[in-house]
Amino acid sequence: MTTQAMLQRLTARELPLCRRINRLGRRRSVERFFAGVSRLGDGVFWYALMLLLPFAYGPAAWETVMEMALAGMINLAVYRRLKGTTLRQRPFRMDAGIRLGTPPLDAYSFPSGHTMHAVGFSTVLVTQIPALGWLVIPFTLLVALSRIILGLHYPSDVAAGALLGAATALAVGMPAISS
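Residue numbers (the numbering used here): 1 to 179.
Everything labelled a hint here was simulated from the structure, so no lab data went into it. Each hint should be verified, as a subset may be incorrect.
Simulated pairs of lysine to any residue, SDA-like, Cα-Cα distance not exceeding 20 Å [said to hold, decoys possible]:
{"id": "1", "residue 1": "K83", "residue 2": "F45"}
{"id": "2", "residue 1": "K83", "residue 2": "Q128"}
{"id": "3", "residue 1": "K83", "residue 2": "P104"}
{"id": "4", "residue 1": "K83", "residue 2": "M73"}
{"id": "5", "residue 1": "K83", "residue 2": "A166"}
{"id": "6", "residue 1": "K83", "residue 2": "M6"}
Given these sequences and hints, build the entire structure.
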């Protein structure tokens, strides 16, 4: 089965769930909350955190910042490549019953770049500075949920983004294997 065929089958199966989850955002206050979370997940939250880490944790935090930046750059390249080849239409474009909660940053949905970056950054942080888990884990979960509530992604987009983000972060943080 081709990637396109697999994504078409997933889309057909996931659209009813997307409709149900999207209804959670019908209340204006809920939609605004998740649109705000999504906006922070565009990078604002992560870049601010990266700038603050050396002040809060000293010069040793620069290693964490560099790993986060490297994971982000790798994730961006992977995300662009996958979106440019899979061309999966966003849920709000596929179903008139799904309302768009905030404008998308690009045309296609697979994988969720917001989730990929959030999980990647969180994985690096929690691996190196576990004390920040209380902050970044709930935020990452809200970012992932926001993408579905706002009609921008399917659950499989979010799951793929989470897996790719975690894999990238773990690979970036792995010590080099000496020969």
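- Task: Starting from the hint list further up, note which numbers the structure goes against and sort them upward.
- Result: Numbers 1 and 2, in rising order.
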